[in-house]
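*Asks:* Given next are the chains, with one letter for each unit.
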Amino acid sequence: MELILASGECDYVNEVICAPGNVNELFEFREPIWTILGFPITRTVFLILAIAVIVSALLFFGLRKKSVIPSKFQALMESLVSFVKDGIAIDIIGPEGVKYVPWLMSVFLFVLIGNMYEVTPGVNFPVTSRMALPAMLAAISWIVFVVAGIKRQGLRYFLGIVWPSSVPVALRPLVGLIEFFSILFIRPLTLAVRLFANMVAGHLMLTLLLVSGWVFISNVGEIGAKAGIGIAWFIMALGIFIFEIVVITLQAYIFTLLSAVYVQTSLYPDH
Amino acid sequence: MYQAWNLILATAEPVLISAETGEESGGIDLLLPAPEELIAGIIAFAIIFLVVWKFALPAVKKTLEARQDAIRSELAAAEQAKQEAASLLDDYKSQMAGAKDEAAKIMAEARDAGDAVKADIVTRAETEAAAIKARASEEVAAERARVADELKRQVADLSINVAERVVGSSLDSDQQRVLVDRYIDELGGVQ
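So the sequence lines, in the order shown, correspond to chains A and B.
Here the first sequence is numbered in the numbering used here, starting from 1 and rising by one per residue.
Here the second sequence is numbered in the numbering used here, starting from 1001 and rising by one per residue.
In isolation and in its complexed conformation, chain B is listed as follows:
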């Protein structure tokens, strides 16, 4: 092919040179493709085309796909992490709310228990005070009764003694006592 092209150009050259009116080499040569350069150009272009077609573009495609996958999985991981964080936050919030309720409940229970203890103490104190008061009243009443009996007995004895002195010892002591008691009772009834 190279020889054939040379042959074509060789036949064309005299015409071209003569057209340039005697200049030894005219500008027209610049416009004619040199055969060896054309062949080299075709070879170089074919090599570049093959490299681009078979290597470069598939490589870029593969890289871009890998990058897309990486970005997609990173985004998915980020989304998952976000969801996990959100659910953790929810858990935390609900735990916090539970803890607050629990604390309020404990405080209420403590307050109730305190109130109960207070009420119990007051009730017990009142009961005890009432019991002490009652016992004291009973003792006072018993003492009063005892004092009254004692008084009654002493009045009777005194009356008998007085009567014996007045009447002389005509009555035995038991009879005297009955009389005096009756008299005292009557006195009590009159009062």
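Isolated chain A (complex conformation):
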């Protein structure tokens, strides 16, 4: 779909790369495919809902047999669970981290599959590059770490933020102000924007390079030797593609890890 949109506008005779007139074209798919009870099922909505189906299917087929000697797929799914449980929840939060595993696991899988769409042939669109998802996940993380702090320390949680006892009294108002904004506003914002920006950048690079490569090579008859640029764009796209696979995994890990770190700092403010 993006290919058609972008190639239609590309001035491949005069330009060296195909850039869309409006960058939103690469991200906004607001025309409903179906409408169910007044709710528009757009391409993005469909892909978001498909994450739930894909994750559920992976978990169901990976873990339903409960074999003592696991298949490769079962072992993979089990190692994914223990990676989030032991490698993130318990490692970062401590033994108490076990009760946060369902949430952290969901965040990790949701972001991972949402990111994976970027390099999935036929989809090529990370739904996590739509602000709705990073914002929602960051909001959930915010709620979880604030509630964890209140449950553990009561209202002293907020007092500890605005009047930090670990710094000299003279500095407390300033540090408290910084901490207040940092913890309660900047944290969720950076959490959301980090994921969003990474996915937007990756998607932009991949689509521009792949579309340009395709357009220049397919119009070789008209532009002659200039089609060679297309090959260069394709080779570059291949490199970026591999790089993006790393970014996708890393961003899912970072989002989950930081969410766990925020919970840990709410539970143990002195650490």
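Errors might be hidden in some of the hints.
What the hints assert, rightly or not - As a list, the in silico DSSO-like pairs of lysine-lysine whose alpha-carbon atoms are at most 27 Å apart:
1) A:LYS99 <-> B:LYS1062
2) A:LYS65 <-> B:LYS1133
3) B:LYS1062 <-> A:LYS65
4) B:LYS1082 <-> A:LYS65
5) B:LYS1054 <-> A:LYS72
6) B:LYS1133 <-> B:LYS1118
7) A:LYS72 <-> B:LYS1105
8) A:LYS72 <-> B:LYS1061
9) B:LYS1061 <-> B:LYS1082
10) B:LYS1062 <-> A:LYS66
11) A:LYS66 <-> B:LYS1093
12) B:LYS1093 <-> A:LYS151
13) B:LYS1054 <-> A:LYS99
14) A:LYS99 <-> A:LYS65
15) A:LYS99 <-> B:LYS1061
16) A:LYS99 <-> A:LYS66
17) B:LYS1105 <-> B:LYS1093
18) B:LYS1093 <-> B:LYS1082
19) A:LYS66 <-> B:LYS1054
20) A:LYS151 <-> A:LYS226
Said to hold, decoys possible - Distance ranges between label pairs, derived from CB positions:
21) B:ILE1071 <-> A:PRO32: 48 to 58 Å
22) B:GLN1068 <-> A:PHE83: 13 to 23 Å
23) A:PRO173 <-> B:ILE1071: 39 to 49 Å
24) B:ALA1066 <-> A:LEU37: 36 to 46 Å
25) A:PHE83 <-> B:ALA1078: 29 to 39 Å
Calculated from the structure, these hints are not laboratory results.
Cβ coordinates follow ideal geometry from the N, Cα and C atoms, glycine included.
Please build the complex by placing chain B on the supplied structure of chain A, with the hints as guidance.
*Replies:* Using the frame of chain A, we list chain B on its own:
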């Protein structure tokens, strides 16, 4: 909720677009969560959370517990087998040691029995040899006595005959015999 969110965004949109100085659709739209995507995201996340919470984690926990149990029982079985093997080895070793003792005992007994038989045979042979020797000595002595008697009788007869010829037959034969015997005895006593 969806309608309400749309309403909020609809009121915000003109302001945002005008801020973008006349571009028909600016990059700022990219930063605003689309309501239908937000709702879809919440639904999808809720489903994933439920699946993870209610199915995946209990399944993994159950599997890991089953695996732990299996490993534990395998280890216990292995330990038991090891102990059984060790006790079998002990039995075997003690049997081997017993067999060796038994063999040594049997050999010693055989050697003793052999010695006894040998000693018995030697003793019997010696006894027999002594008996044969004794019997032979007795026979020799008896023969000697018989020969001596015979000699004595022949000397007596010869002496009588000689004396009769010298003296004439004045003595009866019984008297002569007594005389001769006495004479011979005297001769024996003188010797």
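*Asks:* Look at each hint and say if it fits the structure.
*Replies:* Here is how each hint holds up against the structure:
no., hint, in the structure
1, A:LYS99 <-> B:LYS1062, "holds (17 Å)"
2, A:LYS65 <-> B:LYS1133, "violated (105 Å)"
3, B:LYS1062 <-> A:LYS65, "holds (11 Å)"
4, B:LYS1082 <-> A:LYS65, "violated (33 Å)"
5, B:LYS1054 <-> A:LYS72, "holds (23 Å)"
6, B:LYS1133 <-> B:LYS1118, "holds (22 Å)"
7, A:LYS72 <-> B:LYS1105, "violated (65 Å)"
8, A:LYS72 <-> B:LYS1061, "holds (18 Å)"
9, B:LYS1061 <-> B:LYS1082, "violated (31 Å)"
10, B:LYS1062 <-> A:LYS66, "holds (7 Å)"
11, A:LYS66 <-> B:LYS1093, "violated (46 Å)"
12, B:LYS1093 <-> A:LYS151, "violated (68 Å)"
13, B:LYS1054 <-> A:LYS99, "holds (13 Å)"
14, A:LYS99 <-> A:LYS65, "holds (24 Å)"
15, A:LYS99 <-> B:LYS1061, "holds (13 Å)"
16, A:LYS99 <-> A:LYS66, "holds (22 Å)"
17, B:LYS1105 <-> B:LYS1093, "holds (18 Å)"
18, B:LYS1093 <-> B:LYS1082, "holds (16 Å)"
19, A:LYS66 <-> B:LYS1054, "holds (15 Å)"
20, A:LYS151 <-> A:LYS226, "violated (64 Å)"
21, B:ILE1071 <-> A:PRO32: 48 to 58 Å, "holds (54 Å)"
22, B:GLN1068 <-> A:PHE83: 13 to 23 Å, "holds (19 Å)"
23, A:PRO173 <-> B:ILE1071: 39 to 49 Å, "violated (58 Å)"
24, B:ALA1066 <-> A:LEU37: 36 to 46 Å, "holds (44 Å)"
25, A:PHE83 <-> B:ALA1078: 29 to 39 Å, "holds (30 Å)"
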